[in-house]
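Number of protein chains: 2
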Amino acid sequence: EIVAAVEAHFGPKPLAGKHVLVTSGPTHEPIDPVRYIANRSSGAQGTALARALIAAGARVTFVTGPADVAPPSGADVVAVQTAQQMHDAVHAALPADAAVFAAAVADWRVSSASDRKLKKSKDGLPVLEFAENPDILAGVAQMTDTRPALVVGFAAETDDVEAHATAKRARKGCDWIVANDVSPETGIMGGSENAVILITEDGAETWPRMSKQDVATRLAERIGNRLV
Amino acid sequence: EIVAAVEAHFGPKPLAGKHVLVTSGPTHEPIDPVRYIANRSSGAQGTALARALIAAGARVTFVTGPADVAPPSGADVVAVQTAQQMHDAVHAALPADAAVFAAAVADWRVSSASDRKLKKSKDGLPVLEFAENPDILAGVAQMTDTRPALVVGFAAETDDVEAHATAKRARKGCDWIVANDVSPETGIMGGSENAVILITEDGAETWPRMSKQDVATRLAERIGNRLV
Numbered sequence: 018e019i020v021a022a023v024e025a026h027f028g029p030k031p032l033a034g035k036h037v038l039v040t041s042g043p044t045h046e047p048i049d050p051v052r053y054i055a056n057r058s059s060g061a062q063g064t065a066l067a068r069a070l071i072a073a074g075a076r077v078t079f080v081t082g083p084a085d086v087a088p089p090s091g092a093d094v095v096a097v098q099t100a101q102q103m104h105d106a107v108h109a110a111l112p113a114d115a116a117v118f119a120a121a122v123a124d125w126r127v128s129s130a131s132d133r134k135l136k137k138s139k140d141g142l143p144v145l146e147f148a149e150n151p152d153i154l155a156g157v158a159q160m161t162d163t164r165p166a167l168v169v170g171f172a173a174e175t176d177d178v179e180a181h182a183t184a185k186r187a188r189k190g191c192d193w194i195v196a197n198d199v200s201p202e203t204g205i206m207g208g209s210e211n212a213v214i215l216i217t218e219d220g221a222e223t224w225p226r227m228s229k230q231d232v233a234t235r236l237a238e239r240i241g242n243r244l245v
Numbered sequence: 018e019i020v021a022a023v024e025a026h027f028g029p030k031p032l033a034g035k036h037v038l039v040t041s042g043p044t045h046e047p048i049d050p051v052r053y054i055a056n057r058s059s060g061a062q063g064t065a066l067a068r069a070l071i072a073a074g075a076r077v078t079f080v081t082g083p084a085d086v087a088p089p090s091g092a093d094v095v096a097v098q099t100a101q102q103m104h105d106a107v108h109a110a111l112p113a114d115a116a117v118f119a120a121a122v123a124d125w126r127v128s129s130a131s132d133r134k135l136k137k138s139k140d141g142l143p144v145l146e147f148a149e150n151p152d153i154l155a156g157v158a159q160m161t162d163t164r165p166a167l168v169v170g171f172a173a174e175t176d177d178v179e180a181h182a183t184a185k186r187a188r189k190g191c192d193w194i195v196a197n198d199v200s201p202e203t204g205i206m207g208g209s210e211n212a213v214i215l216i217t218e219d220g221a222e223t224w225p226r227m228s229k230q231d232v233a234t235r236l237a238e239r240i241g242n243r244l245v
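Listed in order, the protein sequences are those of chains Y and L. The working numbering applies: residue 18 is where the first sequence begins, and numbers increase by one. The working numbering applies: residue 18 is where the second sequence begins, and numbers increase by one.
When the alpha-carbon atoms are kept at most 30 Å apart in a straight line, the in silico DSS-like pairs for lysine-lysine are as follows:
#1 Y:Lys134 - L:Lys134
#2 L:Lys134 - Y:Lys229
#3 L:Lys30 - L:Lys229
#4 Y:Lys185 - L:Lys134
#5 Y:Lys134 - L:Lys185
#6 Y:Lys134 - L:Lys229
#7 Y:Lys30 - Y:Lys229
#8 Y:Lys185 - Y:Lys229
#9 L:Lys185 - L:Lys229
Worth flagging that the hints you see were computed from the coordinates, not collected in a lab.
Construct the entire structure; sequences and hints are all you get.
What follows is the structure in structure tokens.
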């Protein structure tokens, strides 16, 4: 009844019957029980996007690292800490009609991570060894079976945003890249606004600066158009 | 009038007229604009302690890293990110009658931190160089001028808690160490309870496991007794 009333008001839901996977937030990679390496991400853009997709009728699986903002209600929420856990949760959630990778995932983990607290060495400095994390975006974009019809990556850049993002799209094999400039002076990281460049097979579209909610609504519309 | 009513109800405030400095929360040490190294600390114990000190009549300066919990109302709050910023804020807040260092401060920072996002190298792995951060606790504990009458450190340990904390008290030159076992299986880190060992000049006191609020109340009482 309520659903019918909502549909009567807003019109049919373009993403009804579609399953969309969204990753969001940072990952935390442990160094020892008290220290970790994190990526800066409030989770605001991924959460706003998940909300917009749900409003458009999609069933959303929301795989989130430890974010500042609360996850969207109405999503199937899977909470993870590390990139490896996020990778596993993503593959457990497939198949999906579309997958949007908005999380800021650590490229590497600390392979020398200790289950005891590191003590200061004689010179007071640690030696950390790193190992590469699985590339979640490329892994899904390059699936031969059950690849989502639309695979979208995000690129957080600080210089040559369009060039870096265009190269990333080709390298990863995904359909779109949503790129933004996260230089501290833009105020985008942790802020309420975003200024994105959408890289598709047709090239680069520079969107005007707008609220993360408006970016989310516009992206959800584009995803709806693409999946019809 | 309200103050008088409160005092009439609760009795005299043992810490009235005293200035207590409390540090709390983690520090974040940047690697590049999107990555950082953090210490796990919700800020719950430091915040509870500051509240208990305020309730006991103290003027509290609360120097906090990016914590999960909101800072106590009624404190002079100084928000910082890095250990160096915390060091500077602590020294700006002195003199104090007592200083309690409950923050989980990074021992080292990334000296190779970049203002551009690190790109993956050929083997995909970063090389991070570290430098030692100032030792805030030892610095204040060993001041010759304007040392607070009572200097309290915290020790988050995962093994040999009492021995490590006793050694830390001697090494730092502080009066007390509040030690706890932060091994993941204790559930203390991020939880609502704490099990502490208080190391003083008289030796080690093992307190029963209790809420962080009760630990705070008990510590505030002890601080009040000591400063009288």
